[in-house]
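Enquirer: With chain Z fixed as given, assemble chain H onto it according to the hints.
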Amino acid sequence: GAGVSQSPSNKVTEKGKDVELRCDPISGHTALYWYRQSLGQGLEFLIYFQGNSAPDKSGLPSDRFSAERTGGSVSTLTIQRTQQEDSAVYLCASSKRTGVPLGGKLFFGEGSRLTVL
Amino acid sequence: DQQVKQNSPSLSVQEGRISILNCDYTNSMFDYFLWYKKYPAEGPTFLISISSIKDKNEDGRFTVFLNKSAKHLSLHIVPSQPGDSAVYFCAASDGNQGGKLIFGQGTELSVKP
Chain Z
1 GAGVSQSPSN
11 KVTEKGKDVE
21 LRCDPISGHT
31 ALYWYRQSLG
41 QGLEFLIYFQ
51 GNSAPDKSGL
61 PSDRFSAERT
71 GGSVSTLTIQ
81 RTQQEDSAVY
91 LCASSKRTGV
101 PLGGKLFFGE
111 GSRLTVL
Chain H
118 DQQVKQNSPS
128 LSVQEGRISI
138 LNCDYTNSMF
148 DYFLWYKKYP
158 AEGPTFLISI
168 SSIKDKNEDG
178 RFTVFLNKSA
188 KHLSLHIVPS
198 QPGDSAVYFC
208 AASDGNQGGK
218 LIFGQGTELS
228 VKP
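For the protein sequence lines, the chains are Z and H, in the order given. Numbered according to our numbering, the first sequence spans residues 1 to 117. Numbered according to our numbering, the second sequence spans residues 118 to 230.
Looking at chain H on its own, in the form it has when it is part of the complex:
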C-alpha cells in the first residue's frame, strides 16, 4: 500500500524554466509534509516542508503547495538551475504515529543548460 506516490519517475526541464514536481497521498491523517533532494551516492537532504495548516510555503526558489482536499502537494522550482538536477522525494508524517516519515518513490529531475 503506497501511501505517498510520485507518479512521474523523471522530469526534464530547460534551465531558467519552472520545474513542477508532484506528489499524492492517501492517508488523511498526514499532517506534515517534506521534500528531500538526493544526489547520487549521497544521503537525501532536507529541502522544504509544510504543515497541514498551511497551503503554501516558500523558500527562495522553492515553493511547496498543499491541497488537502485533493491530497496533493507540489514542489515548484523557479528558475531551475543545472545544479538542481537530482532525485526529489516527497515525504509525509502522521503526528499520531510518532515521527515516522513515509516517502514516495522519487522523481529524477534533469535541468538542461
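Bound-form chain Z, shown alone:
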C-alpha cells in the first residue's frame, strides 16, 4: 500500500488477556517505530527497529510488552496480560532512511486504539 497500515484499528479486550497489534510499513522503509498515545498525553516512544541492527527497546514500559519485525518488513507489538493502564492509541511509523539526518521524517499509520476493560 501507499501508506503505513495498522490493524486492528480498534481492539477491546479484557484485563489479563494478550493482544497483538500489527504494522505494515511503507515498502522499502528501513526504520520502523512504535509509539503510544494515552488519553491527554503526548506520543510516548516504545521501540525502534533500524534495518538489521538490534532494536532500541528502551521505551517499552514493562516486560509484558514485546515487538518483532519479521523479514525487515511487518512488525507485531504484543502486550501480554493487559492492564487497564495499557489503554491507548498505539501508533506505528516508518522512515525511509536511517542515515543523516538521523531521525528523518516519519510516516505514521492511523493507529490501533486499544481499550482494556
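Just so you know, these hints were derived from the structure itself, not from any lab.
Below, computed lysine to aspartate or glutamate pairings styled on EDC-like, alpha-carbon distance capped at 16 Å: (1) Z:K96 - Z:D24; (2) H:K217 - Z:D56; (3) H:K154 - H:E225; (4) H:K122 - H:E225; (5) Z:K15 - Z:E85; (6) H:K188 - H:D211; (7) H:K229 - H:E132; (8) H:K185 - H:D211; (9) H:K217 - Z:E44; (10) H:K229 - H:D201; (11) Z:K105 - H:D211; (12) H:K185 - H:D148; (13) H:K217 - H:D148; (14) Z:K11 - Z:E110; (15) H:K122 - Z:E44; (16) Z:K105 - H:D148; (17) H:K171 - H:D148; (18) H:K154 - Z:E110.
Keep in mind that this is a model prediction, so the values were computed, not measured.
Expert: Relative to the frame of chain Z, chain H by itself:
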C-alpha cells in the same frame, strides 16, 4: 524525564492572525527537530523540520525558529487558517542514538473564523 516539553496544552487564535507554538528541550545532544500535525483519528503527519546548524527554516505559511542557547524552538503559522486547527507535536532527535524521535505532549491549536 520529559526531554521535550510543550508547556501550552492549547492555543486559540483568530483566523488571519499569527499562531506561535513553543517547545523546549533539555538534551543538548539533540541535533534535529521536527513538527508534526495531528487531526483526530488520524496519525501525525510531518510538517516542517530544522537541523541544529540552522536557526530558521521556512515553508510557505510555516516557519520554525531554533534557539540552541535557550534550548527552545517555535513554530509560527501566518496567516492562520481554520484548517490549521489540530494538535501540533514537537519532536527531537539525537543523531548518536539512531533515529529515535522524542515527542512533546502536543499543543492543540484552534483557529476561529
